Amino acid sequence: EAQVTQNPRYLITVTGKKLTVTCSQNMNHEYMSWYRQDPGLGLRQIYYSMNVEVTDKGDVPEGYKVSRKEKRNFPLILESPSPNQTSLYFCASSSTGTTNYGYTFGSGTRLTVV
Amino acid sequence: GQSLEQPSEVTAVEGAIVQINCTYQTSGFYGLSWYQQHDGGAPTFLSYNALDGLEETGRFSSFLSRSDSYGYLLLQELQMKDSASYFCAVREPPRDDKIIFGKGTRLHILP
Chain C
1 EAQVTQNPRY LITVTGKKLT VTCSQNMNHE YMSWYRQDPG LGLRQIYYSM NVEVTDKGDV
61 PEGYKVSRKE KRNFPLILES PSPNQTSLYF CASSSTGTTN YGYTFGSGTR LTVV
Chain E
1 GQSLEQPSEV TAVEGAIVQI NCTYQTSGFY GLSWYQQHDG GAPTFLSYNA LDGLEETGRF
61 SSFLSRSDSY GYLLLQELQM KDSASYFCAV REPPRDDKII FGKGTRLHIL P
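Protein sequence lines, in the order shown, are assigned to chains C and E.
The numbering used here puts the first sequence at residues 1 to 114.
The numbering used here puts the second sequence at residues 1 to 111.
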């Protein structure tokens, strides 16, 4: 089944403790992206990647890191999480081979930083 | 600046037709997409318009007018399962994958 897999689904952590949210897609998509979703603010892009070893900042990159060493994986790293990073996070991917540029989203990761 | 405007909430009756509008202001434009998100779920892709006009996919249609920087999603024969949030999103050049989402419209359906 074509899908984007995120782990974990839920995570509670403490301020300052480094964490990684993994994202993997099995569709051979070139584009991958991370979004955070907060009430009243919609989906805001954190980082995106056009292909392996190519990443760029989105609208809210502060406090986050990403890497794209393999085409299928695009982990999101929080080096020193803070409570304002409590949010719902989505990974998404899409292909340059389609004409509709539709994103496939992962199931989401609900992160709480205390 | 970049902005997408859509109503925060819309209410309609089961079996009826509802239109969700989206106006955008971006530095460039490649196309307008629509996504559906149920509570607790992930956004799912519904439609994409790159050119002016109407695109139909079953009960859902999407319209774009580039000259007016305006689009809408039309849902027909509403069902209770259509209760969800709907987001419009714009692909913005120069990067193909730069997608900006609106804040979403919560659709309430009354029986």
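Read the hints as simulated data drawn from the structure, not as lab findings.
These numbers come from a predicted model, not from an experiment.
Heads up, a few of these hints could be off.
[Said to hold, decoys possible] Taking lysine to aspartate or glutamate pairs in the DMTMM-like style, the calculated list, with each CA pair at most 25 angstroms apart, reads:
#1 K57/C with E92/E
#2 K103/E with E62/C
#3 K103/E with E53/C
#4 K57/C with E5/E
#5 K69/C with D59/C
#6 K103/E with D56/C
#7 K71/C with D56/C
#8 K65/C with E92/E
#9 K103/E with D38/C
#10 K103/E with E9/E
#11 K81/E with E1/C
#12 K71/C with E53/C
#13 K81/E with E53/C
#14 K71/C with E92/E
#15 K57/C with E1/C
Each hint, compared with the structure:
{"no.": "1", "hint": "K57/C with E92/E", "verdict": "holds (14 angstroms)"}
{"no.": "2", "hint": "K103/E with E62/C", "verdict": "holds (21 angstroms)"}
{"no.": "3", "hint": "K103/E with E53/C", "verdict": "violated (30 angstroms)"}
{"no.": "4", "hint": "K57/C with E5/E", "verdict": "holds (23 angstroms)"}
{"no.": "5", "hint": "K69/C with D59/C", "verdict": "holds (22 angstroms)"}
{"no.": "6", "hint": "K103/E with D56/C", "verdict": "holds (22 angstroms)"}
{"no.": "7", "hint": "K71/C with D56/C", "verdict": "holds (15 angstroms)"}
{"no.": "8", "hint": "K65/C with E92/E", "verdict": "holds (23 angstroms)"}
{"no.": "9", "hint": "K103/E with D38/C", "verdict": "holds (10 angstroms)"}
{"no.": "10", "hint": "K103/E with E9/E", "verdict": "holds (11 angstroms)"}
{"no.": "11", "hint": "K81/E with E1/C", "verdict": "holds (24 angstroms)"}
{"no.": "12", "hint": "K71/C with E53/C", "verdict": "holds (9 angstroms)"}
{"no.": "13", "hint": "K81/E with E53/C", "verdict": "violated (41 angstroms)"}
{"no.": "14", "hint": "K71/C with E92/E", "verdict": "holds (23 angstroms)"}
{"no.": "15", "hint": "K57/C with E1/C", "verdict": "violated (30 angstroms)"}
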